[in-house]
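Peer 1: Listed below, chain by chain, are the residues.
There are 2 protein chains.
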Amino acid sequence: MVDDHHHAEFQPFDDTKADTPRAYAPGTCKIFDMCLEINKPNHYTSAYDINNLVVRRGQEFIMKVTFSRPLTDSDDFQVEFLIGGSESLSLFGSLVVVTFTSRPGGPWSGRILQTQDQLLVLGITPTPNAIVGKFLTYVAVVMSNGLLRTKRDATTDLYLLFNPWCQQDAVFLSDEAARTEYVLNDNGVIYQGSADAVTQRSWVYGQFERGILDACIYILDVSQMPIRDRGDVIKLVRQGSAMINSQDDNGVIVGNWSNDFSLGKAPTSWTGSVSILLQYVNTGVPVCFGQCWVYAGVFNTFLRCLGIPARVITNFNSAHDNGGNLKTDLIFKSDGSQDRRSTRDSIWNFHCWNEAFMVRPDLPPGLSGWQVVDSTPQETSDGFYRCGPASVTAIKEGLLCHPFDLGFVFAEVNSDVVMLKEDRYGSLTPFNVDKTYIGKALYTKAIGNMSPVDITYTYKYPEGSAEDSRTMARAEEYGCERDHTELPQTLLVQLGEDVTVVVVLNNQSNVSKTVSGHLTGAVVFYTGVTANHFTDQDFTVTVAAKRSDMKFIVTVQDGENPVNTMKVIELQKPKLTLTVSGTPRVMQQMYVTVSFINNFNFYLENATLTMEGPGLMNPKSRFYRTIAPQASISWKESFIPRLDGQQRLTAVLDCKNLRQIYYCQTKLSQKKGR
Amino acid sequence: MVDDHHHAEFQPFDDTKADTPRAYAPGTCKIFDMCLEINKPNHYTSAYDINNLVVRRGQEFIMKVTFSRPLTDSDDFQVEFLIGGSESLSLFGSLVVVTFTSRPGGPWSGRILQTQDQLLVLGITPTPNAIVGKFLTYVAVVMSNGLLRTKRDATTDLYLLFNPWCQQDAVFLSDEAARTEYVLNDNGVIYQGSADAVTQRSWVYGQFERGILDACIYILDVSQMPIRDRGDVIKLVRQGSAMINSQDDNGVIVGNWSNDFSLGKAPTSWTGSVSILLQYVNTGVPVCFGQCWVYAGVFNTFLRCLGIPARVITNFNSAHDNGGNLKTDLIFKSDGSQDRRSTRDSIWNFHCWNEAFMVRPDLPPGLSGWQVVDSTPQETSDGFYRCGPASVTAIKEGLLCHPFDLGFVFAEVNSDVVMLKEDRYGSLTPFNVDKTYIGKALYTKAIGNMSPVDITYTYKYPEGSAEDSRTMARAEEYGCERDHTELPQTLLVQLGEDVTVVVVLNNQSNVSKTVSGHLTGAVVFYTGVTANHFTDQDFTVTVAAKRSDMKFIVTVQDGENPVNTMKVIELQKPKLTLTVSGTPRVMQQMYVTVSFINNFNFYLENATLTMEGPGLMNPKSRFYRTIAPQASISWKESFIPRLDGQQRLTAVLDCKNLRQIYYCQTKLSQKKGR
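As you go down the protein sequences, you meet chains A and B in turn. Numbering follows UniProt numbering, in which position 23 of the first sequence is assigned residue number 23; successive positions increment by one, without gaps. Numbering follows UniProt numbering, in which position 511 of the second sequence is assigned residue number 511; successive positions increment by one, without gaps.
So here's chain A without its partners, still in its complex pose:
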């Protein structure tokens, strides 16, 4: 898309008269050098595995230009940067002319830093709001009758990124440790499970790996996002949230929440974003399959790769609301069982999205900072599957009157669960409201280490506080319908912490009650969809071979009104072992051995073992037809570290009859050179 259009090598002036004398012989530009070795460390782009210059906007970079002879005062030249096809106009910023005299040029400033005979060292500073993407670079010398340009040369193409180090950039982030984590860290952890039993899986973002930056620009090209909008971080992240899912626009990842992944790879089988993005670019078709953490992982790569500070968030008990209000309705039949026909899948055990850090000049003051963006295709936002950017502060304050999708995200963390019973005539009556179940906690990875941080307080004031009431009232003012059902005093039912289910019946009324109880245990997907029902006495057999999240619903009959409660329990997972050997030194061969023992009493079938490490090793896979009970597997692989410092290897074993992820990772440091 970018390459099919470039500048003519000679462009005559429109206003040149026919009798203008032929061009005199000026100092023509022979070669120029983009000075990668000097510019990349200054722009924090050394890690990008690419042969072109990658710099960040709003910050000067240098170029060395060699002319055919030393320039004189009558010589004039300009440097030109060209992006996009048919839109290549100065007006939209897709042609940038940089001048080095008083002659007016485009908005990027240029200065001559040094002159050594024929060689000029130029300093060029793109504006802090410049278009982000890949520019073609030209040096054009002014002749008497036109401009004489250098030939198109792909090695001098310039990649321009957002700049969290630049105070005037909309993505400026003042803290160096935060920038290192949210822009430069190419490994991460995504939290899963439930709020009181948080589990984690590694995710390799790999934003600096070969081909990934081009893949991110390719995604924008596929989306047909206008070139002139690509410097606007608000529009860009919104477009990104639409493109990472395949819906509407032939985007990156196809979602699949069934149990059948035979037409692609299981969401649990990926080790990171790199193989997904490279497959998307190489095939041009959406990649099968993802679920929420896959969307969030790949979107995080996209954002960090383009220079936008980003992180993955996990929301435990995430409401997936269809009605545009603050009520998540669960409908029960008169026998206490859930009415699957009329209840949608409305509570996910956990849901992952991203936050991107930016200024919001389109909103009133105070709403800048972290913004929710979500690429998982849950609901359409104004017609497309996309979500955000939604200011986290606006969510906390209930200021839902601004773009984008604040009401939707607010409901994901603040919905009341309203349990309704359907009578024989088709009418619904609420019988229980749980105001604390949804948005139990929000977690993200800490800066600088692998532990989780509870960031619930950034989304919500404490439950029951005056500020919380104010927020909820404000949300209601802005049209979010809440539940105000007056319920009779009811029994509270609580489930214990362990797989040994303890049911506590707490009679809050003043009279004694005789109740009859009913306990349902079920294996559920993380979306809350029931995969398999079981009764408490035989679940030990059924569970291990299936999904490991279990959900219990207790129904207690209290006169006319059933009383329900829900709890999700996460099971233990076996582990892979990784062992690294060899001298930890950049560009020297090392080895990793990954091993696993099947401690289950059944065969593992059609297992795929995958590992990768950004800066160390591209994703590699091995297939095992069966792994017998008590059998062990071991796989030794060599790799050559590309980057110095701490790096990580991640491995995942995924098989058809043991879908849950089994992974482990190790950390290694290698020194620079020789």
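Since the hints were derived computationally from the structure, they do not count as laboratory data. Predicted model only: the values in this text are computed from it and were never measured. There may be inaccurate statements among the hints.
No copy labels: a pair is met if it fits in one copy or bridges any two.
Stated by the list, open to error - For lysine to aspartate or glutamate, the following DMTMM-like pairs were computed, each having C-alpha atoms within a straight-line distance of at most 25 Å: (1) Lys460 with Glu477; (2) Lys40 with Asp434; (3) Lys396 with Asp434; (4) Lys460 with Glu60; (5) Lys671 with Asp196; (6) Lys656 with Glu463; (7) Lys421 with Glu37; (8) Lys575 with Glu37; (9) Lys134 with Glu463; (10) Lys235 with Asp248; (11) Lys636 with Asp229; (12) Lys235 with Asp249; (13) Lys421 with Asp76; (14) Lys671 with Glu379; (15) Lys421 with Asp75.
Given the coordinates of chain A, assemble chain B onto it according to the supplied hints.
Peer 2: Frame of chain A, contents of chain B only:
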């Protein structure tokens, strides 16, 4: 879409035990009557030419139900209203159960007004936020083992509309004269031309004509708008603005701003919305062709038909901005001519959109009332061709931080025109800024008569006032980039009022200036696109046979800087004559004669004469291969008035070599028939 799904005639109770005795013989419902004669006048829906009951939400209507025997205390029944297919759930309001005892039902209230033996008169009040559309009506009697329903009967289907007469409805409008105009008037006037030479054309909205209400619901069905959202006026008008144009979604009208309408009808040939909407429903494919006033006319019909107060607005000198800022850039070459290659069609002589009246609970207080909605496909809004609802008050105050599309509409009325010159090296420099050209005036039809009202003050504070500065500053705070170019003192160039062009050179500087002038005259489309250039001495011949808007651009060279100004001049139009004869009485035949003399000195070719009058006559057309110079045509047609009171007939003559509209209208009153 609605009809493919209806209720079973017997629905057994889920909770019925197998040993339940068989149903006893209750009073079953034999027939019921929707009482059109009583309900329609009370709900201001008498004018709808439809055999079903049409009522407005938030207001009681009555039903008469006859049972097989007088009911006893042990009898129980309910009335059910069903809308939509797969979503028919009480939860989403698509199944509404109305009960008449203490047994809980849905949100609509029911009461028994009168009992006469087997006949019950019921009063039913839909909630003021109920879903709008076509409901299937059932009476269901409670048997011991289930519900026994009346058969599906299309004649009892109920159409439920928005209710501007109901204080709790989001579209409540307190003034009766305003309601009569903006909801009940089925004729209108749309203003065109230029701010200082306003012309007008009639438009027949025809929202009550046979088939139009079903057409409006069909449009929502085609859009796949979820049934549960169809009571939300904000979502509904946004969806409507997307659907009236054919882009994205196979909507109603195909735009065509070229000169070639051979594949359909010319935008200038329509007399109103009725034939467009009926053609759309009957063919299922978008109708060719429309321009802005056609979109606005049809959208107005859609809104008024569903009960939403609406009007058509004309904005003179409407900026059509592509860059998302407050600058409309016109690029000129160094010789003073406009650079068509790099300037987009950015100023429309006039542009029409709609306003819809509603409460905006999603916004802070003060932003309710008229909202801009625009269905002309100018630019995508968040991915689709649609625009609004955008609060007019928010536009006036510069509060652009709210949904939807405020920045876009704000730019249409407030952009600065920035004239830039492009130098030989490809760089642009501004040389003139006109801060008053855009949004010169906004007009709409007056309440109760056919004269125009200037409503500019509802969109803008007076130019140069303190409030205007505050608004512009606020808009800029919310990210609308303005022009702050410091320009040298320049010549002001003004064009005279008449076709005799008077160029006034006003030297504002302190020194005398010698200038050389250049005058361009051109025939333009209303979008500002040049159709034909001419020099002042021969325009009398060229213009009459083409478009009648002329645009002059004067360029005066002042040293280095060209100085430009623009003016659009509207030409005179010939008229049709309509004569009505016969006794003006409902349901009695009358006659209309439309006549025309070709005063031009050339043949009119392939002319179509169309006329219609809502409540009087459906659209009818005649084709004339040629009309010779000085020849006259005359066409007499009979019609039978359906409604009493003042009605109007509108006629349009449109032909291939005289594209500009030629129409006239007459007013007639008929009394109610004997």
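Peer 1: Each of the hints needs a verdict: does it hold here or not?
Peer 2: For each hint, the structure was consulted:
no.: 1; hint: Lys460 with Glu477; in the structure: within (18 Å within a copy, 28 Å between copies)
no.: 2; hint: Lys40 with Asp434; in the structure: neither (53 Å within a copy, 44 Å between copies)
no.: 3; hint: Lys396 with Asp434; in the structure: within (20 Å within a copy, 43 Å between copies)
no.: 4; hint: Lys460 with Glu60; in the structure: neither (41 Å within a copy, 42 Å between copies)
no.: 5; hint: Lys671 with Asp196; in the structure: neither (40 Å within a copy, 77 Å between copies)
no.: 6; hint: Lys656 with Glu463; in the structure: neither (42 Å within a copy, 70 Å between copies)
no.: 7; hint: Lys421 with Glu37; in the structure: neither (69 Å within a copy, 39 Å between copies)
no.: 8; hint: Lys575 with Glu37; in the structure: neither (42 Å within a copy, 77 Å between copies)
no.: 9; hint: Lys134 with Glu463; in the structure: neither (48 Å within a copy, 43 Å between copies)
no.: 10; hint: Lys235 with Asp248; in the structure: both (17 Å within a copy, 20 Å between copies)
no.: 11; hint: Lys636 with Asp229; in the structure: neither (47 Å within a copy, 58 Å between copies)
no.: 12; hint: Lys235 with Asp249; in the structure: both (16 Å within a copy, 23 Å between copies)
no.: 13; hint: Lys421 with Asp76; in the structure: between (81 Å within a copy, 21 Å between copies)
no.: 14; hint: Lys671 with Glu379; in the structure: neither (47 Å within a copy, 54 Å between copies)
no.: 15; hint: Lys421 with Asp75; in the structure: between (85 Å within a copy, 24 Å between copies)
Comparing the model with each earlier hint shows violations of hints 2, 4, 5, 6, 7, 8, 9, 11, 14; every other hint is respected.
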